[in-house]
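Colleague: The residues making up each chain are set out below.
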Amino acid sequence: MRKAVLICPGRGTYTKTELGSLARFPDRNLLAHFDARRTALNQETLTALDSAATYSVSKHTRGDNASALIYACTLGDSLALQVVEIVAVTGNSMGWYSALACAGALTPQNGFEVVNTMGTLMQQSLIGGQIIHPFLDENWRPNPARRAELLAIAAEITTRPDHTLTLSIDLGGMLVLAGNEAGLKAFEAAVPPEQGRFPMRLANHAAFHTALQAPVAAQGRAALPETLFQQPQKPLIDGRGQIWWPGSTRKAALYDYTLGHQVTEPYDFTAAIRSAAREFAPDLFIIAGPGTTLGGAVAQSLILSHWQGMASKADFQTRQTANPLLVSMGLPEQRALVT
Amino acid sequence: MGRSVIVHENFLRRAAARDFPQGAPPSGPLAPEDAVSIYRAACTSRALDRTSREMQRQGKGFYTIGSSGHEGLAAVALALRPTDMAFLHYRDAAFQIARAGQVPGQTIAYDMLLSFAASSEDPISGGRHKVLGSKALNIPPQTSTIASHLPKAVGAAYAIGAAKKNRPEHAELPDDAIVYCSFGDASANHSTAQGAFNAAGWTAYQNLPLPLLFVCEDNGIGISTKTPTGWIANSFKHRPGLKYFHANGLDIFETYRTAQEAAAYVRTRRKPAFLHLKTIRLYGHAGADMPTTYLPREEVEAEEAHDPLLHMVRQLDQSGALPAAQALEIYNDTADRITRIAAEATTRPHLKTAAEVMAAIIPPPRPCKPTNGPSAEARANAFGSDLKQIDEPQIMSRLINWTLTDLMLTHPEIVMMGEDVGRKGGVYGVTQKLTQRFGQARMIDTLLDEQSILGLAIGMAQNGFIPFPEIQFLAYLHNAEDQLRGEAATLPFFSNGQYSNPMVLRIAGLGYQKGFGGHFHNDNSVAVLRDIPGLILACPSNGADAAKMLRECARLAREEQRLVVFLEPIALYPMRDLHTDKDGLWMQRYPAPDETIPFGEVGQHGDGDDLAIVTFGNGNYLSHQALPAITSSGIKTRIIDTRWLSPLPKDALTAATKGCKHILIVDETRHSGGVAEALMAHFHEASPAKLARLTATDSFIATGPAYAATMPSAASITQAAKELCK
Ligand SMILES: Cc1ncc(C[n+]2csc(CCOP(=O)(O)OP(=O)(O)O)c2C)c(N)n1
Ligand SMILES: [Mg+2]
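In order, the protein sequences belong to chains A and B. Positions in the first sequence are counted from 1; adding 143 to them yields the working numbering. Positions in the second sequence are counted from 1; adding 296 to them yields the working numbering.
Okay, chain A solo, but in the shape it has when bound:
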């Protein structure tokens, strides 16, 4: 059986085209349980959100809605996997909560509690925002100097009075920066526009993975007990590239990381993919859940890790065409390869 690393996507992946995704959810009872929990919390059910006639940016991208939606889609996909053996699980940003559940460190129900609670807390406080900008060119050739330059710009901005701007996510060939409005604005003014889209603000996102989230982390720890966590059943790779192994995971440490460091320090998705590649050498990287936007970041992370000698977008595409390395379950033809 082919060995695969499962990758859980983060916020921003449930877009208009994802409406109706939950129709595929393989466990009706579980989905009913999520919906019941949402109803009990006076939140619109996932089923209702997913089957809405039209997609509403203001509604569907809110943290208290998007997080649980993405979680459910991701979990559903992981349950639907066949013909592959999952050797490790990782995720990007909020995808960490999904990864915890997909790896068995949280039951599906407890995973829902964690993700829905954190998504709701983030939305309630909505501190700061995120902006995304590439440091690779359109051919994805590694360019560490440009990355350092962008970080230096952010470091300078954040020294200005009333400005904050720090690294939020290392996302393959992109940097996600986060800060307050002044900081984000200053960055937009400081870098030339690229590829017609960047720098790009992420609507309804807060300054995730920065010190600004410390209050949210504290509320999360108050609302969610350590007893929700258990030993993972699969190796779990976090946003530092650290591997949490079945049997050797200290629950308290996993809890502390999830509701501490993970919330308030930069999330290194590139390192997570690097660890996934180098320490598991899988045949496939499978991106579960809604959307197809994470594929680029995964491919770029592999290039940055010198994986299998790939050094550019063309190298990746050649490899991908010859023998797919990356499967996005959001794409029906690729989904068919693993379900």
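Simulated from the structure, these hints should not be mistaken for lab results. Keep in mind that the hints are not guaranteed to be accurate.
[What the hints assert, rightly or not] Think about it this way: if two alpha-carbon atoms lie no more than 35 Å apart in a straight line, the pair counts; the simulated DSBU-like pairs of lysine-lysine are: (1) A:377 - B:356; (2) B:684 - A:456; (3) B:356 - A:146; (4) B:431 - A:146; (5) A:394 - B:356; (6) B:460 - B:431.
Remember, predicted model here, so these are calculated numbers, not experimental data.
Since the structure of chain A is provided, determine the placement of chain B with the ligands on it from the hints.
Modeller: Just chain B with the ligands, lined up with the frame of chain A:
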């Protein structure tokens, strides 16, 4: 069938059948999750050992010395912190793997396989050698020379205490760190090891902090030679200053508990400890070694029956941490995973050219905070009454002393260590008053052991100090030379420039010392210092040059992380006169503190083009003495002081002798293997001039009236010059 296959199959069969070796039940503070971590590290280590053999069979791996039987070291790793610098025995893969689990984001299996494959992407040596080591994990790579890492472990431990009072800009270790140093049972007998145990004990015995945990991995044998039963325990139980601990390394619960106790003792008491860990050696010494050729088969099989992995499965199962069936699954999954990773790692690129191999001989420069030098007041305080004489001509030893004073004032991270350098101020008075000026913490009177002096310097350099060790006499460098050749010089090479041990080693040497002299104190060979890649050998011939060159040497160490030897000609220390009594021509004024002679710049006296005398050290002095007689015979002469004996400043020498019709090399070192050999070869390649050389004979130096008989003299230089230019 190879022993590695036998051990593997035994494990699979016995773990599945729950047929475990007898042993103590699990007990102590090891948490179940950590016990599983240790077992996982052990499985990874074992799988790497087996894979390295497979890689070698396929021509894709190059070194197979393994850690099988020593996997319990993973438990020691968990009893320490990843910031505790670790100097590892070559059987400590499990230690490194377990430590990698303590530092987020490590890809330890891939990294180690890159090292097995000698890939240029290997993160520790850049494909130069299979070594254990990691910058992120505080594991400097070690050479294979048995026990040669022990003296520097003592130095690094000493440096932790020293940095607490005087933290260098480039310090690496936290104040509460300890140093870890492991080795085998046979290695414990090595004189280098014994010197290090002694130095550690000697230091701790006087209540100086030395937070160092020695771990002796006692598998009872060194290649084929057995360690007498009880030898290690009985040799180390009662060493002064060194506390003895003992554990069975096949029992991870006991090992963890004891290692924790030992580490706590070292950390809180700041004293050295010796942890004696019983291990076994599976599969013989290394790849090609068949233990059954020198040990009875039954004995080999009896050891194999105690495979530490089987003990771990037993204890994990007994403690409830992990059922045996799951442990077996982990073993198999890990083996499979390592095979898959190896398939990728072996596709990665290798070093190809000499330039690529050599790129790490010289470490990269490091940024240093600018310093403005000491204030006038600080200088006045330090120099005291010497300041009154600072504008008067002085002998070389005095000028070196003042230079050291200014350097120590400017750079608080400079420390000196050596025999009698402190209280006495050196046997020739070169370091006089420095203890009063800078205190005992920076002027360390060491015990009488050259390996320990150099080890102290290397270890302190690894924690950001700029050591200026002193070897009292050149003849006594030789029994410690490996600390330079095998250790200090190779560290950047084996760590791809990530680790360095910059220093300026001062050595008093060379001949011509009237009366005292003789080989014991006037050795005239520098051959061992001239073929060490990356090492800079400087040799001044007068006080002003000494001052300016020593400043440059300090800069090379501090900013460029270079390993520098500064060879001080003893006979020139007190030299005042050149031609006649009281002419004072060999004394100089102290050059202003910002004056230096750049690395590779040669000295030139005169510009005659009939003859260039190329020389250094005492030869420069003697050539100046000979100069009037040579010029009066009509030979227009210049004298070139080479100054830098390794690497030779070839371009500068070529430029300085350009247009000269004759070149006479005057070399006070021996005819064979002396500096003149290299100079002759160079000028032969680079200059059309007619060449001749005058060297010392292939002899040791006598004491008494014949002290200079074997070496060039002013008269023989004059004669050689006239003959060459005839
Ligand atoms: C100075 C020196 N001499 C000889 C050797 C060759 N050699 C390598 S390992 C070894 C035996 C070491 O035995 P021990 O210290 O017990 O370690 P073990 O291999 O048993 O773990 C010898 C003699 C060496 N590497 N260095
Ligand atoms: Mg041994």
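Colleague: It remains to establish, for every hint, whether it holds in the given structure.
Modeller: So, going through the hints one by one against the coordinates:
1. A:377 - B:356: holds (31 Å)
2. B:684 - A:456: violated (72 Å)
3. B:356 - A:146: The given pair, whose Cα atoms are some 24 Å apart, holds under the 35 Å limit.
4. B:431 - A:146: Distance of about 31 Å is within 35 Å: holds.
5. A:394 - B:356: violated (40 Å)
6. B:460 - B:431: At roughly 22 Å apart (the allowed maximum being 35 Å), residue 431 of chain B and residue 460 of chain B satisfy the hint.
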